[in-house]
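There are 2 protein chains.
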Amino acid sequence: MLVALCGGVGAARLLAGVDDVVEPAAITAVVNTGDDLTLHGLHISPDIDTIIYTLAGMANPQTGWGIEGETWKTMEELKTLGGTTWFQLGDRDLATHLYRTQRLAEGATLSQVTAELASKRGLEMTVVPMSDDQVRTRVRVSGQEVPFQDYFVRLRHDVAVEAIRFDGAETSRPAPGVLEALAGAELIVCCPSNPLVSIGPILAVPGIKELVASRRDAVVAVSPIVAGAALKGPAARLLGDLGHEISVVGVARLYADWVGTLIIDEADASLRGAVEQVGMRCLVTDTVMSSPERARRLAEVVCGARR
Amino acid sequence: MLVALCGGVGAARLLAGVDDVVEPAAITAVVNTGDDLTLHGLHISPDIDTIIYTLAGMANPQTGWGIEGETWKTMEELKTLGGTTWFQLGDRDLATHLYRTQRLAEGATLSQVTAELASKRGLEMTVVPMSDDQVRTRVRVSGQEVPFQDYFVRLRHDVAVEAIRFDGAETSRPAPGVLEALAGAELIVCCPSNPLVSIGPILAVPGIKELVASRRDAVVAVSPIVAGAALKGPAARLLGDLGHEISVVGVARLYADWVGTLIIDEADASLRGAVEQVGMRCLVTDTVMSSPERARRLAEVVCGARR
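Chains A and B supply the protein sequences, listed in that same order. Take 292 as the starting number for the first sequence in my numbering and just add one per residue. Take 292 as the starting number for the second sequence in my numbering and just add one per residue.
To be clear, the hints were calculated from the coordinates, so they are not data collected in a lab. It should be emphasised that the depicted structure is a prediction, and the values quoted were computed from it without experimental measurement. Some clues are possibly wrong.
The list makes no distinction among identical chains, and a pair is therefore deemed to hold if it is satisfied within one copy or across any two copies.
Claimed, not checked - Here are the simulated DMTMM-like cross-link-like pairs (lysine to aspartate or glutamate), alpha carbons at most 25 Å apart as the crow flies: (1) K370 with E397; (2) K370 with E359; (3) K523 with D449; (4) K370 with E415; (5) K411 with E367; (6) K370 with E407; (7) K500 with E477.
Working from the sequences, and respecting the hints, build out all of it.
Right under this line is the structure:
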């Protein structure tokens with residue numbers, strides 16, 4: 292059994308590779324919901340959707356979010372009404388949010404709805420939110436806290452971040468099955484997602500970090516930082532803004548308590564020794580998943596990397 | 292000043308005619324919200340939307356609801372997900388519900404949102420919900436109460452109705468400006484809408500029926516029943532199910548307390564005396580609004596009909 296801790300695009304690509312290497316039914320993806328939002332009354336789970344769309348082969352590879360070949364009738368009309376359109380929702384994508392919101396209103400949990408959506412999209416792996424409780428990542432920018440998507444999408448993460456907080460995390464519980472899956476996993480994969488705002492919220496759910504740390508030898512992380520930069524998103528800038536080194540060594544320090552093995556890119560081979568000095572194993576390979584083949588090759592390394 | 296009490300399609304067509312006859316800025320449409328619903332987390336106001344779409348010239352004339360030339364991408368996708376699709380929402384129409392739901396979540400009232408939508412669609416008349424408070428029409432069918440749209444759309448109103456109840460009406464208040472508009476109106480028009488489930492909920496909001504009744508001479512109603520049938524919808528069957536005569540006389544009896552003048556169709560000319568015996572004036576004209584011209588001619592009669 293393999294459990295993956297997941298954010299959005301990077302996790303989705305690695306999972307698609309792992310899906311080729313491991314029996315899909317043996318995989319559990321535990322997904323960040325700290326960047327979920329309610330907009331237009333709809334419950335939107337960006338990371339869950341990116342993962343399901345990617346694994347279903349329907350993701351838009353250009354954007355990293357949404358559905359390929361999407362149409363935008365609703366958003367175009369909403370624009371003429373002067374509505375809120377900075378968070379773009381395609382017409383087919385909207386169906387996912389309508390479905391989720393209606394099922395939640397009917398009393399289903401987010402895990403149940405996520406399992407339904409994964410199943411309807413033909414996935415065989417288990418996709419589970421980190422928690423069925425509401426945890427919301429909030430980002431302090433210019434002295435003011437804003438919801439994560441305000442920072443990430445509306446402000447295009449082009450601002451200095453002063454602090455991050457996971458609202459609701461303290462009283463949240465891991466979704467059903469998450470602790471059991473982590474306890475029984477042969478391999479726990481920390482995907483190449485943002486350490487602070489994708490992996491961070493998952494670890495903030497009480498019980499998860501402690502359990503993962505107790506299984507440190509089974510935990511393999513892929514660095515989201517390659518050659519001092521993030522392949523996508525604000526990970527590099529966020530690390531710097533919040534006082535961390537923007538390098539695989541910075542990632543290693545953040546993960547030292549609970550990750551046994553860190554996989555870094557060949558571009559960072561010279562930092563292998565520095566990572567090992569932090570106290571973890573370090574493997575060097577090609578981590579840039581610019582094609583499904585490269586993602587599969589990385590997945591093979593990850594699946595063979597358990598300490 | 293003219294105030295119209297409105298349900299959906301029949302009201303929308305008459306209002307479009309009145310809009311040609313009277314200065315639009317002098318018209319206030321008070322619209323039934325008893326058949327509003329929350330679905331997929333979205334606040335949907337079917338009668339308000341039918342009126343705004345019709346007056347904006349964008350309504351689908353075939354269905355009586357929704358937007359002409361609509362696309363259905365979201366609903367098609369929702370169907371593949373096994374979601375709730377019995378209440379069809381077109382892609383452009385969805386923008387209206389997203390806008391309304393988001394604005395309500397931001398703290399706007401339903402009147403404010405309705406005014407915004409009417410303005411964005413270029414309307415000059417005032418469109419106002421009967422109340423900003425939640426009133427929900429519930430229909431008893433086979434011993435069980437169901438929400439109005441379950442009866443109207445999902446069951447296609449093809450079932451016997453045992454009772455109607457306006458949940459929340461007792462504690463609701465008329466929307467801002469409604470009582471003032473009714474008190475000051477030269478003419479109060481009761482549109483050819485369903486007496487029981489379109490006009491009924493409006494009158495159930497405390498204060499409205501009393502005020503309208505006190506202005507009975509100024510109230511002109513158009514019968515929604517023509518030759519013992521409804522032109523659209525379940526008005527005829529509902530009247531019969533609930534023990535009312537399915538005729539203009541049945542309508543006259545329902546409206547006797549508060550309507551001074553009832554306009555009936557030429558097809559019902561022989562019942563004029565019977566209507567007058569109920570205690571109201573009765574005018575006979577062509578009430579079938581099968582074209583904008585016929586709607587305008589009816590509007591002329593209505594606007595000249597004040598007792």
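Q) Can you tell me if K523 and D449 fall within 25 Å by alpha carbon in one copy, between copies, both or neither? A) Classified as within; 13 Å inside a copy, 55 Å across copies.
Q: Up to 25 Å between alpha-carbons, please classify K411 paired with E367: within, between, both or neither.
A: Only across copies: K411 and E367 sit 14 Å apart there, 28 Å inside one copy, limit 25 Å.
**Q.** Identical-chain pair category, K370 with E359, by Cα at 25 Å
**A.** both (21 Å within a copy, 18 Å between copies)
**Q.** Up to 25 Å CA-CA - E415 versus K370, copy category
**A.** For K370 and E415, the Cα distance is within 25 Å only across copies (21 Å; inside one copy 38 Å).
Q) What label fits K500 with E477 when the C-alpha limit is 25 Å: within, between, both, or neither? A) within (17 Å within a copy, 71 Å between copies)
Q: State whether the alpha carbon distance between K370 and E407 is at most 25 Å within one copy, between copies, both, or neither.
A: between (31 Å within a copy, 14 Å between copies)
Q.
For K370 and E397, with the copy left unspecified, which applies at a CA distance of at most 25 Å: within, between, both, or neither?
A. between (30 Å within a copy, 18 Å between copies)
No hint from the list above goes unmet by this structure.
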